[in-house]
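Participant: Residue numbers (our numbering), protein chains in the order written: chain A, 1 to 379; chain B, 1 to 132; chain C, 1 to 420; chain D, 1 to 219.
Note that these hints are calculated values from the structure, not bench results. Take these hints with a grain of salt, some might be off.
[As the list claims (entries may be wrong)] Subject to a maximum C-alpha distance of 25 Å in a straight line, what follows is the list of computed DSS-like cross-link-like pairs (lysine-lysine): (1) Lys-194(D) x Lys-365(C); (2) Lys-300(C) x Lys-204(C); (3) Lys-60(C) x Lys-364(A); (4) Lys-367(A) x Lys-69(D); (5) Lys-365(C) x Lys-361(A); (6) Lys-69(D) x Lys-361(A).
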Amino acid sequence: MKKDQTLGEVLRSRKISRRGFLKFCAATASLMALPPSMIPAIARALENARRPSVIWLSFQECTGCTESLTRSHAPTVEGLIFESISLDYHHTLQAASGEAAEAAREAAMQENWGEYLLVVDGSIPAGGAGFSTIAGISNMDMLLETAAGAAAIIAVGSCAAFGGIPAAKPNPTGALSVAELLQGYADQLPDTVNATASELKSKPIINVPGCPPIPVVITGVLTHFLTFGTIPELDALSRPKVFYGNSIHDRCYRRPFYDRGQFAETFDDEGAKKGWCLYKLGCKGPTTFNACATAKWNDGTSFPIESGHPCLGCSEPDFWDAGGFYKALSTPTEDISRAAVYAVAAGAAAGVALGAANRAKKSKAAKNHQKVSIDDLEK
Amino acid sequence: MTHSFNIETDAGLTHNVQPLMHEIRHAVQALLDTGETTVIDLRSLPLAPGELEVIEATLGRGEVNAVLEAMGPSEISETVFPGVWLVRHFNADKQVMGVFVEITRMPSLLLSQNEDIADGLRQLDEKLETMF
Amino acid sequence: MTGATLERGINALKEQIDAPVAAFFSSCVHCGMCSEACLFFTETGEPKYTPIHKLEPMRKIWYQEYTLWGRLGKMLGLSKPVTDAELTDWETLVYDSCTMCGRCSMVCPVGNDITYMIRKMREGMAASGHAPPGLIGATQRAVTIGSPMGVKLPALQAQINHVEKETGIPVPVDVEGAEYMCLLSSMEIMNFPEYIGAISRIFKHAGVSWTLSSEAFEATNSGIQIGVSEIAAELVQRIVTAAEKLKVKAVISPECGHAYMAIRWEGPNLVGRPFSFKVLHILEVLDDLREQGRLKLSGKEAQRLTYHDPCQVSRRGGVVQQPRNLMDMVAENFVEMPDNGTMNWCCGAGGGVSSNERADDLRLKAFNRKKEQLDAIQVEGLVSACSNCRIHLEDGLEEYHMDLPVLSLTETIAEHLAEN
Amino acid sequence: MTDTEFLLWVRGPAFEIATIIFTLGVVLRILEIVFLGRKANLAEARGSATAGGIRTIITRSVPESGTFKRSTFVIVAGYLFHIGLFVTIFLFAPHILTFESVLGFSWPALPTAIVDATAVVTVITLLVVLIHRMQDPVMRFLSGFQDYLVWLVTFLPLVTGYIAFHRVGPAPQMLIAIHILSVEALMVLFPFTKLMHAFTLFMSRWYNGAISGYRGVNS
């Protein structure tokens, strides 16, 4: 597939009818959670979309995101997406390895400088180059070099977006998210990076958090960039509002149970069997923004809450250190009762001391009490 | 002792079917009054388990059932309510790619497209040359 | 004998503050409900008469001396100490506009006994020379002459002779071994001597042995009104000594409010030991006689009558049902006022206000509350069991041009004794 | 410091500090009061002080009819927002979980919608009560900085809680954090203000009832 072909030309060369293309656009609209009324606009945009080059860098990651992405596309529809983007570098998916792989990456970078899309999954260790390197290049250097020429960076998964599990306390490798790294280390650039610090710092970053993110969300964001070539509307944590605009709680089909106060108390009680709200079992739905409740997982089969497990809040920063997956949102994250017991003891001790002081003051007052006779009534 | 149980779904307790029916009803009214068409993406609704089946059962099947073979099948069928169509897209692996309710005289996907017609014309010319 | 000083006052307050006071001040949420229970506010509408506000200086002492946060504030010089000028401003609040009637204590939603605290605050006020001049005079007379109104034994003797002539019954004086020792308030000796005649006739009718004591006939106690426990103790001690000398079984407090409070409830705590004799209000004695059937009456008062509960007898004293039993015996048409019994409105003159001329205008203005209470039931006569209430009810009724006789319950009973 | 970290801190260390100050402060204040003691009453008792104390703790909650007529607003509004606060704080399912994690036991909750409605009523009543405190001559006369501060720290948790529950605004974690912070402010101020009445009112009513009960009067 030649690089300069538009997607429209690709489809026609694959003998796919216009009607087939419209079906593809309808599926893409649903994929991007855009209203069906947008289908004509998508069709027009897709027709003459240039095929961006995509470089996928994986750092400290568990390959869950790649797994999620690859499982998401079956031949035909999504396959088309991936055939329409030239995935020029993915060290898990590509055949080449070692120097050859790096050479392919550098070639792709030179050829599409300033145009290619950089997709990152996994967090970047800032605690030391030795923690994670590819072909002898430290993750940090590789990211900085590759980011220099990227049109936009998509941080896929909570690791790339917020630091992820590697960043959990005590964060031995000093793992950082893409944004943190660029903001923090753009000033000490190795000479191999030909971009200024301010350029790096202002690179548009789209966070697609989740552990892993919903497959449909990854492809949706890629498709959006492919279709419109622009950054989708982002929220305060630079997550696409289209997918991360609503909290799970607001879109959860079990919400009526929450409102009626019907909760599952344990994982196997009557409430759990009846599919009641999982708030008491630690559900983080109310503070988690993601599309699980609508797009669902495994092609609309289910999502964690639907299968009886409380949401972990995996698309939110620090979900890994947020005070226990099974502790309800409204419970404290420290052992308060121990503190309360100590406080009562301390209060009692202080009370006794102050009580004694009060009594002493009273008896002192009684001691220097002067009898008041009828002659002492006037000044 | 591991015991498994599936989570019961009490249709009465879930709340998407009724409002959706009302939305469809208003769309049909608009279709009649102004000819305005509406497309509802069922994948954008927080459907509870079993709710999609309830919706499809409620809408039922009407007189027209079409299948579009393009990158996997797409079933386009009119429901028992004329003007209300159920469109389901699958990919090659029969995985659901999209489920839509279209309130229109006829879903646009069924219309033959100009580019395809032009291609068809070329193929017809070629056939005419070879056959006669 | 160094005279009153601010330090002595503040020291007295430090002595008086105890657990209930600390609990009360900790609980007040400034809801203002106590003002609606106080006739000095309801009839003047002036917020300064809000009962809890009258305790502000004592609250500051409690806060600065007995709470952690208060002490810290004082140490850091952030708190405003109580000044002499402040206590001067508070004189008219703690004395003139408070009869210690206890109605605010019945109303406070968090249960503060504000009256309990006023009684304590007056200890500080008096010791720092902030008692009203009228009350100081009365207290000095009570100690030196034996009665706040200056009644001496000869004056009592004269009234006794007059009563004996009228009733033909000898009035026992200093009779050792009598069952009861009766006390009289100066108000009765001077203004309502008929009370002496009434009890002598009733006790003869019921066959009760009683006596007066020439050494301790005065029941009233200005000490608890002004707020000086030592003086109050001295006055009570006279009664105790006389009663124990005459070896009586019980002392009868006459138709007087705070006299009953002084002897019955504060007495033992003032002198520091339980009494060897009982203390009864005259109404308790009469009700006991009624119960024992030793009180045969004939005929009843026909006119429409109501009963005014003296605050220290009923709400603060606990003698509530007895007067009702007696009224049923002696009145054909007894009707209760709205807010009666333990919720009755004060006559406005108790707790030393009557001895404090400065408070006269305020007292008469406050009497409007009692007027409205009476207007609600349109009675032909008002019966009570406290001579101080009685004289000031008459004073108030006259001020509001209400033609209503004020009767003593004991005297009314005496008038209906059946000849046996 | 992302919203999550902030919420974590608020639900963790900050809540612990607030609980310590609250518990320590309340116990201390109560002991400060109790240790001042009370002289024994030497007069001959007519009634039982203990029975009087217990009775007044209960009966003082039911205003006598004359009092009700004179202070109708204060009583009705007072009960309205106190009951509202009780329902919102103690009968709301998520709150019960908080108490359970500290106290170890829990109790049944009211449906969330009812608690939500109660919260609205309570907020409105508190506003009305504030206006009354500012315009009623006696209340204005009695009220100082502390009265308005206590009103505020009682009002804020309700409003922030309502907003957090209904997620008015972008960041729910921040909204919940602000709500919990406002509760912590209430807990920290509690032992040093008239909020102590929640505990000391039982002592006060007890003393009042005991003093009157001793004399045979139901106060």
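Participant: It remains to establish, for every hint, whether it holds in the given structure.
Facilitator: These are the hints, each one checked on the structure:
no.: 1; hint: Lys-194(D) x Lys-365(C); result: 34 Å, violated
no.: 2; hint: Lys-300(C) x Lys-204(C); result: 20 Å, holds
no.: 3; hint: Lys-60(C) x Lys-364(A); result: 19 Å, holds
no.: 4; hint: Lys-367(A) x Lys-69(D); result: 48 Å, violated
no.: 5; hint: Lys-365(C) x Lys-361(A); result: 42 Å, violated
no.: 6; hint: Lys-69(D) x Lys-361(A); result: 44 Å, violated
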